[in-house]
Amino acid sequence: MTKMPQSADKVLDHAPLFQQPEYTEMLKNKKIKFECGHPDDMVKEIGDWTKSWEYREKNFAREALTVNPAKACQPLGAVFAAAGYEQTMSFVHGSQGCVAYYRSHLSRHFKEPASCVSSSMTEDAAVFGGLNNMIDGLANTYSLYQPKMIAVSTTCMAEVIGDDLNSFILKAKEKESVPQDFDVPHAHTPAFVGSHVDGYDNMQKGILSHFWKGETRVPSEAINIIPGFDGFAVGNIREMRRILAEMGVDTYTILSDVSDVYDTPSDGEFRMYSGGTKLDDVKAALNAKATLSMQEYCSKKTLEYCEEVGQETASLHYPMGVAGTDEFLMKISELTGKEIPESLRLERGRLIDAMADSQSWLHGKTFAIYGDPDFVYGMARFVMEMGGEPVHCLATNGGKAWEKQMQALFDSSSFGANCHAYPGKDLWHMRSLLATEKVDMLIGNSYGKYLERDIGTPLIRLMFPIFDRHHHHRSPTWGYQGAMNVLVKILDTIFDKLDTDTIVPGETDYSYDLTR
Amino acid sequence: MAKDYVNDAEGHAALIEEVLAAYPEKSRKRRAKHLSVAQPDPENSTETEIASKCDTVKSNIKSVPGVMTIRGCAYAGSKGVVWGPVKDMVHISHGPVGCGQYSWSQRRNYYIGKTGVDSFVTMQFTTDFQEKDIVFGGDKKLAKTIDEIETLFPLNNGVTIQSECPIGLIGDDIEAVAKQKNKEHGKTMVPVRCEGFRGVSQSLGHHIANDAVRDWVFEKGEGAGAGYEAGPYDVNVIGDYNIGGDAWASRILLEEMGLNVVGNWSGDATLAEIERAPKARLNLIHCYRSMNYICRYMEEKYGISWLEYNFFGPSQIAASLRKIAAQFDETIQENAEKVIAKYQPLVDAVNAKYRPRLEGKSVMLYVGGLRPRHVVTAYEDLGMTIAGTGYEFGHGDDYKRTGHYVKEGTLIYDDVTGYELEKFIERIRPDLVGSGIKEKYPVQKMGIPFRQMHSWDYSGPYHGYDGYAIFARDMDLAINNPVWGLFDAPWKKADAA
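So the sequence lines, in the order shown, correspond to chains U and E. Residue numbers for the first sequence follow numbering that gives the first Met the number 0, beginning at 0 and rising by one. Residue numbers for the second sequence follow numbering that gives the first Met the number 0, beginning at 0 and rising by one.
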């Protein structure tokens, strides 16, 4: 056989195939003959310049352009929130392409089905409004997918033309699209306001107000918990339930529990719906003594509404690490009157033990962290507990209030002395930060791999979305045990880097130590 | 080839009736037009290679609301498909943040370049519209965005403006901004009116994007085409987006037979490759659906003829190489035969290894563009059979062409809904389903092997002979993985027995 790169014995796919000489030669020729690109030395020069302080200043002077943002739009959060309710179908009113995007985005992260429908509005609906799409759409969704609830949110198209969901849903019910008493909560979720965390908030408020409006509250001792938008929701909500069981807390309702929705078994049956917060429990949740949010920025409006109906409220910042978990447990204890059991004190002790065992490897390590505002806060706090320094903390969807909270956090410890919060900035800003003020590790999501490639900073994936590593979301990051998982990931990154840096035989491998 | 199988036409027809029964009456009538069984074709003959008649379904019409269509939008067709892969231009997702975010790096359009310096494909540039931009208009922000791109990414060779829904609704004049910035910066600026609410699917976005090539690249002058001396073997490859390297595995064959690929649209392409295209002798079109428009235009305006080809699977690759070669002289024709002969041992080895493992396995497809028909024969090359196929956004001409590929009795579904597809799969229980990410996990939960046929499930290339080996390996590893045998708990099995 003529020599060729491919063979049936050992099939080469893209990664090795295009590194074979036949292809590298071909691509070199293509570049020279047809691409009309810039000279290599110019590309090199500009490439280096993009990593300079001068470039950083120009980059931070940007006013209009956003490059590689770390946020998504409102309806994604609304779809995620609605997915956590019993047999609920999300119905997004507006253009249909958006729904294809939300479904794909969620599926790529969770490696799970993500069901959601669109009212498929097109040009005529842009002119005349989407009422008929709502009427037909609700009827079809109701017949085909037999949901117990249809949660309606909006794409920016429907928001720009000003479709009024409340009146549309009432009209659709008049037209018998769904029975009069069928639950169709709604939330306006304009993509040009806030981000997915706000969409989550709006949908939560939409669902609660749908069930609670006009009802009389009979206060009980129960509590409600809002998990917030969280890529690790599967692991975290289950961990939270375990902790609550340890504490003997049994009268609580998780408002939007996606843990079974985004983690269905493979046993031959496709479950479009699985688990989720029971609708009866949502109704009863009005009576709860208090509503606790695990993520402040996912629940501002919802908690305001909970206060309006007479509940106590409190919010945390993604309870990661020691103090984050301590706060969570103490808040639960305060609200329920249940004591924190010895078993959890022991868990805490084991985490502290692990941190102490590894402290020499963690002390003084510098980090860049980006993601949703609450995550970045919780993560930075845990990093500081380990003796690390969260030097660059960035939230594209964070604002001034978040910046202040972050500064207060930095000010609380000497490990925060050189740290800064960057609200409203994107990952191209982060690139400049990493290039000019290097750190040891980057904590973020899969998009961070481009920063790892450009700058060489090792990436730890702890934030939604994670597309290129599998199943991490099934393990918790909350609570003492979750913190243990996070600690191990950070340590593995440190040790792997050290091994990679010392692996050359006879040159650097004196430091390639067996025991660390 | 597995040419001798028969599909259960009656069973499929009954299944359509059964599935339609779940709809309210109005939607049942609408959906009924999209579902069909491939009919015998009166012209059926080996000469025309027509196997059946599939264009009895209605297509390219509005999706029914609330049914879980799998389709995307015009923006996805323009930014995601046609323009996004052009590597040396910056593509602005103009409007709110989401569209650009969800489509960021998801099409696997491979390219060589320094990302963020001279190439920009796997980046998300957006004007990130806020409420004030909706209220007061976004033209000023767009203008400033382009200026900032010039400052921070000076090696870009141009900018495209990919409109998201609000742009067309708030009356922005992106064309005026593009003209102005073209004057100021002297670079190609391409405004694209691909707002997501236009049309009924990705398809109109392809068309609009093709028109933008015509109006904002071709009409603006020759660019890299100026002074280019065209050779007798100059061809363009049109509609290969280099997913997982498809265009490279194709280019290597065309070059081996002596052709000069002066432009590849649009995977791994530079603007120069687009500008130079009108100089070529022939346009070779792979994805007919997304780029036939510009081929027709180039034929009319520059007299370049175009030829459809299929580089999936050895039967079609060989036929295509011969068809392409027939457009040229004897040297090229001889070379084509040499290329086919050179790769025949690889094909034989691949078939010897994988065909016994795949023989007789049935496949259902639901994809976009060209694949619902183009990959049919690649499966048949492996001894597999096609039970059903359909297009997300096909037109009548796609379904007509599908008749060249599928057997009568094949289930045909246009713009299939989540409900229909699930029921079809559940009842037919094929050995493999090839569709997209949204379909992957529901199907796998049912215990049916699945391959994503948009992204090649993170594998590829699937084009060309090198790609065929990967295609065969991937279908084998999907179907013959032991995990499918583990679904039932052993104690439950005992209960059933």
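Because the hints were derived from the structure by calculation, they are not lab data. Keep in mind that a hint or two might mislead.
What the hints assert, rightly or not - Straight line, CA to CA, 20 Å or less: simulated EDC-like cross-link-like pairs of lysine to aspartate or glutamate:
{"hint": "1", "chain 1": "U", "residue 1": "K32", "chain 2": "E", "residue 2": "E221"}
{"hint": "2", "chain 1": "U", "residue 1": "K32", "chain 2": "E", "residue 2": "D214"}
{"hint": "3", "chain 1": "E", "residue 1": "K113", "chain 2": "U", "residue 2": "E341"}
{"hint": "4", "chain 1": "U", "residue 1": "K364", "chain 2": "U", "residue 2": "D266"}
{"hint": "5", "chain 1": "E", "residue 1": "K186", "chain 2": "E", "residue 2": "D214"}
{"hint": "6", "chain 1": "U", "residue 1": "K399", "chain 2": "E", "residue 2": "E255"}
{"hint": "7", "chain 1": "E", "residue 1": "K337", "chain 2": "U", "residue 2": "D495"}
{"hint": "8", "chain 1": "E", "residue 1": "K491", "chain 2": "U", "residue 2": "D180"}
{"hint": "9", "chain 1": "U", "residue 1": "K50", "chain 2": "E", "residue 2": "E147"}
{"hint": "10", "chain 1": "E", "residue 1": "K341", "chain 2": "E", "residue 2": "E221"}
Only a predicted model underlies this, so the values are computations on that prediction, with no experimental measurement involved.
Structure-based check of all given hints:
1. Distance check on the hinted pair: K32(U) and E221(E) sit about 17 Å apart at the alpha-carbon level, within 20 Å; holds.
2. Distance restraint check for K32(U) and D214(E): the Cα-Cα separation of roughly 26 Å exceeds the 20 Å cut-off, and the hinted pair is therefore not satisfied.
3. This hinted pair does not check out: K113(E) and E341(U) have alpha carbons roughly 56 Å apart, beyond 20 Å.
4. With a C-alpha separation of about 45 Å, the suggested pair K364(U) and D266(U) falls outside the 20 Å cut-off, and the hint is violated.
5. The suggested pairing of K186(E) with D214(E) holds, with an alpha-carbon distance near 15 Å, which does not exceed 20 Å.
6. Straight-line distance between C-alpha atoms of K399(U) and E255(E) comes to about 60 Å, which puts the hinted pair past the 20 Å bound.
7. Taken as a hint, the K337(E) and D495(U) pair is broken in the structure, with Cα atoms around 49 Å apart against an allowance of 20 Å.
8. Distance restraint check for K491(E) and D180(U): the Cα-Cα separation of roughly 40 Å exceeds the 20 Å cut-off, and the hinted pair is therefore not satisfied.
9. For the given pair, K50(U) sits about 17 Å from E147(E) by alpha-carbon distance, which is consistent with the 20 Å threshold.
10. Restraint check: the Cα-Cα separation between K341(E) and E221(E) comes to about 39 Å, which exceeds 20 Å; the hinted pair is violated.
Checked against the numbered hints listed earlier, the structure breaks hints 2, 3, 4, 6, 7, 8 and 10; every other hint is satisfied.
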